[in-house]
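Undergrad: Sequence:
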Amino acid sequence: MSEPARYTARPATAGAYALGEGPVWDADRSRLLWVDIVGGTVHEGRLDPAAGAVTPTGSWSFGGTVGAVAVTAGGELLVAERHTLTRVGADGARAPVARVLPDGRASRLNDGAVDPAGRFLVGSLAQDRRRGEEILVRLDAAGVTVLDADLDLSNGLAWSPAGDRFYSVDTVPGLVRVRDYDPGTGAVGPRRDLFSIADGYPDGMCVDADGNLWIAVWGGARVECRDPGGDLLAVVAVDAPHTSSVAFAGPDLDVLVVTTATAELSPRDLARHPDSGRLFTARVGARGLPAASWDPACAPSS
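Going by this note's numbering, the sequence shown opens with residue 1, and the numbers climb by one from there.
Hints are computed from structural coordinates only; laboratory data are not their basis.
These figures come from a predicted structure and were not determined experimentally.
Every clue listed holds true.
Computed Cβ-Cβ distance ranges for the label pairs, DEER-style:
# : residue 1 : residue 2 : range
1 : Pro102    : Arg6      : 42 to 52 Å
2 : Arg105    : Ser2      : 42 to 52 Å
3 : Thr84     : Pro56     : 19 to 29 Å
All C-beta atoms in this analysis are idealised placements derived from N, C-alpha and C, irrespective of residue type, glycine included.
Construct the complete structure from the given sequences, taking the supplied hints into account.
TA: Structure (structure tokens):
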């Protein structure tokens, strides 16, 4: 096997975020969305593809953590707050969509993504020492369906270009998993381990137009690209130890956007890696897939 290609990501924002996560390219409005989980904020920005720079243009603040954001075809937002999902209208009005986690549970919602048919999937992580009790759920008109209930830390979610393979990350054991997926019904096949990542923990993830996986490695200061069989194709170096998530953005979906964090870094770490917490960008010779829009018809009936 040939050596993996090597790339280096460059800082793209002037400001830094405590726990930047979940970048989404909203092509219809030419905007980048991302969250600061511990800051409880959804951010919006403008990408300059030529310069690889992102300029923040707005934000929405919430009272607790924000794990993920999705966008509708009309530009409304679906936001995963600590335990619930909230819809944010174009006028800023907010409405509850669904409760995913019960009150009193020491867990919060984490990474989420929209499937090819417009359903939203989201997972959880423990905020105490529990292991093997976190969930991954699918949200649709029938309600909230639990797909997994034995996870340590549910993270990146992505689909193959045809939508028939569904990838998911369980961060603590370092596993990327795969199962068959029916975009028409949302039905999933048996889950199986695809590969594991060492020297860091797999975090956020996306799939490019060729079907390859791009995985942010928390604690590893890098993004790995692997083919659908798990072979390592490329490594993107990021000068921030806690590389958290990835997405392809821009009019041609050819700019890799990488979120990072300052959370859990010591003063010494921050001094050595002062760009931690910023968004980064890189050109990696690949193009992404358009982000699917959340369909409000896939919200549970009240």
